[in-house]
Amino acid sequence: MAKQKFLIKIVIFLLLCLLVNNLISDTFKFKGVEAIIPTLEFYELQKNSVDVLFIGSSSSFWGISPMYMWRDYGITSVMRASFMLSPVVSELYLKESLEYQTPKLVVINPQAAFSEYNYDAYEGSLSNSLSFEKFSVNKLSAIYDIYRDSRYKIGLHELMFPIFRYHSRWSELSIYDNDNSKYLNGSRTRGQYMVPTIKELTFQEKMIPTEEKTGFAPESERHYKNMIEYCIDKKIEVALLVLPRQDWNYANHNALQKLADEYGIEFIDLNVIEIRETLNLDYSFDYYDSTHLNVFGSEKAAAYLGGFIQERFGIADRRAESAIADKWNEDLEWYLSAVEKYKK
Amino acid sequence: MNYISVYFIAFLTVFFAAYFLTPKKFRWIVLLAASVFFYLYSQISLAVYIVVTIVTVFFGAVILGKINASLKVSLEKKSEEQMPRDDLKALKKKLTKKVQNQKRIVAASVIIINFGILAVMKYSGLFTGFADLILKRFDSARELQPLNIILPLGISFYTFQSIGYLIDVYRGKYPPDKNIARFALFVSFFPQIIQGPINRYDQLAHQLYEGHPFDETRFKMGAQRIMWGFFKKLVIADRAAVFVSTFNADPHSYTGFIAAVSVVMFMIQVYADFSGGMDISLGIAQCVGIEMTENFQRPHFAASIGEYWRRWHITLGAWMKDYLLYPITFSVPFVKFNRFARKKLGLYFGKLLPPCIAMGVVFFAVGIWHGSQWKYVMFGIYNSVLVMFEIIVIPFIISLNEKFKIVNTKTLSWKLFLILNTMFLVFIGKYFAMAPTFSSAVEYIKMTVADFNVLGLFNGSLYKMGLDVNNFNLLIVSVLLLFCVSLAQERGIRIREVFNRQNLVFRWIVYIIAVFSIIIFGVYGRNANAAGFFYGGF
Amino acid sequence: MDDVLVKKEELIEILESIRPDIDFQTAKGMIDDGILDSFDIISIVSEIDETFGIYINVADLVPDNFNTLEGIHKLVEKYKA
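Protein chains in written order, with my numbering: chain A, 1 to 344; chain B, 345 to 882; chain C, 883 to 963.
Hints were generated in silico from the structure; no laboratory data involved. Keep in mind that a hint or two might mislead.
[Claimed, not checked] Restraint-style ranges between C-beta atoms, simulated for each label pair:
#1 S171(A) <-> D942(C): 55 to 61 Å
#2 S920(C) <-> V786(B): 48 to 54 Å
#3 R448(B) <-> F13(A): 43 to 49 Å
#4 V11(A) <-> V793(B): 21 to 27 Å
#5 A909(C) <-> C17(A): 24 to 30 Å
#6 V464(B) <-> S920(C): 30 to 36 Å
[As the list claims (entries may be wrong)] Computed cross-link-like contacts, EDC-like style, restricted to lysine to aspartate or glutamate with a CA-CA straight-line distance of at most 20 Å:
#7 K680(B) <-> D903(C)
#8 K680(B) <-> E895(C)
#9 K688(B) <-> D905(C)
#10 K327(A) <-> D72(A)
#11 K225(A) <-> E96(A)
[As the list claims (entries may be wrong)] If you want the footprint, here are the derived chain B segments under chain A, 3+ residues with CB under 8 Å:
#12 553–566
#13 846–858
Quick caveat: nothing in here was measured; it's all calculated off a predicted structure. Glycine included, C-beta positions come from ideal geometry on N, C-alpha and C.
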């Protein structure tokens, strides 16, 4: 009897700890701009209001511009991306996003399928991209995958309870930590990270035709296949996309083309010579570094990409629908003036 | 398994549940299973050594017990026989002597095997160092590689504990244990395996074997003690450790003042770490109704070096007293020396000199118990000399004072002076424990004297040792908390009892604060700046 | 008169040679009250061992055996037997 009463006390105490944890956990999380801004913006969007969902890592994050695609084609889209986004979290982002939005098309950047995620080196980014997602069954499953794929080096407790991961931030907490909206700060990019830095590049032709196919890393590949299959099951159009980058070659292209063909889906490779010429990128202006476009380059990418997906997948031009257009135009104004400021 | 890990907490939860759900008769098996699991989880390959110890000591003790018993029987039988008194005495003496030799052989073999293993494991560095020095004379190109030996978990502690048991059985203090599984539990009980305390068989064994009922108050007190231990370790010790390791990484880029502060930090680190570990160990034992011996008694309040060593690592000192000091002082050559000293040097010195020398040997042993490096030899000698000095000189000074009334020794100010003096002496000794080698210790001391820039207190240099302002201040606050608690304990206040009398709401608030303080302020895990790598790659 | 193995007087002589300031006939609780310190014990035991040709086991170095003269006496007798 005494034992039972004691056990009940323990359980209640643990529940209390859980409550306190939920109250303070958000304050301690590291507010990396790469994770919190797009996440906050995503969940503030009106439900079921976008037609295209982009999922990808930093090359997408910087190089795709939903805003330019709105301006030029009236496409409503949003991006879920982050730095060094792991395949596990990509899958999580997809599943969670589809709870809030019902896009007609999902465009996935499957770059990360070529190598196993380096959990040791990128744990920080991983944690950052994960910690702001709401708690759900999908998140639990993602946590378990990370725990296992990282060979148990990232602790379950750190993943389940970010306070264990970020507790040492206590000495650098600021008032901003309590008020997430301060991070958003009126930012309206629909998930793009605006990078104004320019690096001048000398172009090197790497797209030399070949029969080779680069191999995929099995664990990473599995998550991308899951994502494709998930969309197909939900009867949502899905496509693969790779943005212009100097380290791309045909071996990579062939591998992804094969994957796309397996599922009968579209593969948009902006590195393919014909398309690349259409993009007309300026190598002294449009790149952040050899593998990422900057915000100026994203305008050019959007010009082609928007047109392609509108035609290929019948994505509606919503500029005439004032209920939607007003908000988008308002945000577009903010976006364009921000780009202007960068140009100076 | 590290104490400081989530896995350990999970292990404890399962352990407690298993213990209290098992019928009382079999609870000792749960203890044994948990200890075996704990040991194997930590290092399966080195487990062979503790098994060797368990087996040799167990059977050695059984043999000794048999010899003791059969001696007793034959002595009694002889007493019943009709014989003149003197003949009986002579016969008994002969029998005892013969048996004595048998016992000596058995005990010596077991001791040599076990201490031999310990010596090789711990001190091979010293030997290869010597051999290397000699070899270099002949062939300077050759260099002996030191055997890179990982020590089996707890080897210094369980070896001493087992040999203590063996010697007790040898002395006939109690009969040996008849059950090797139970004996294995005594040797390997996991709360004591990492760093002691070194328990005694007659105090611990029966507690292990008896199944204890669940007692809520006792469990709560144990849990509170465990939490306190985690606080000391994670918040205080590991934080101070950052300061110390920053200094040790590049000592010459800091002032002598910082060197001194680093030694102080080291003292805080070791005390909080070691006594915190004890709190965790004793707390776990208390939860399951087992009372182990205390290993620390607020050494910072010691008024002499001798007293310090009776408050610091108490069980090691006690072991040395019973199994090293007494055998030395009662050995035949020593007794002769004692008599000689009392005759030739008078009552005062004669009484004190022999035990003084014996103590010197003991403290030297305590010093090198810590490790084989020269710095520990120096540490041993340093403590030895201080203790010997105290034994010989202090009583004389006390009697002088009583005659001439120089100082009033009953005042607080005098007590304070003694404490500060002792702490200062300990502080000097710690240079040899903190520095990586003997020569670097000497260097640090030189640095401290030459470059003692007290302004370092005010110019922010304290905040550049791996701990920013907030962390440094937190360390100071938590050390103050620790000090206040120990002051209360020194005055006899039983903190946990007082606490448990308070109201539920108050207690639970304190628990929540305590748990989250440890989680938030503990030094563990990764650097929180998750920014990390956001370039390149994908 | 008891047939003692060890004369009390002999024992008192030894004890007083080590601590002349103690009245062993009447003293009680010599260990518990800190009248005898551990160095005294060492000297006393050494001297007793030597004089009576015995070897007192460390296991018997407990307060009960040294708190009073009677305790010490009993201990020595036990060993002489």
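Hint by hint, here is what the structure shows:
1. S171(A) <-> D942(C): 55 to 61 Å: holds, 59 Å
2. S920(C) <-> V786(B): 48 to 54 Å: violated, 35 Å
3. R448(B) <-> F13(A): 43 to 49 Å: violated, 57 Å
4. V11(A) <-> V793(B): 21 to 27 Å: Between V11(A) and V793(B), where Cβ atoms are some 59 Å apart, the hint is violated.
5. A909(C) <-> C17(A): 24 to 30 Å: violated, 60 Å
6. V464(B) <-> S920(C): 30 to 36 Å: Given a distance of about 34 Å, which is inside 30 to 36 Å, the answer is holds.
7. K680(B) <-> D903(C): Cα-Cα ~24 Å, so violated.
8. K680(B) <-> E895(C): holds, 19 Å
9. K688(B) <-> D905(C): violated, 25 Å
10. K327(A) <-> D72(A): holds, 16 Å
11. K225(A) <-> E96(A): Holds - the C-alpha atoms of E96(A) and K225(A) are around 17 Å apart, at most 20 Å.
12. 553–566: holds (count 3)
13. 846–858: holds (count 3)
In the structure shown, a violation is registered for the earlier hints numbered 2, 3, 4, 5, 7 and 9, in ascending order.
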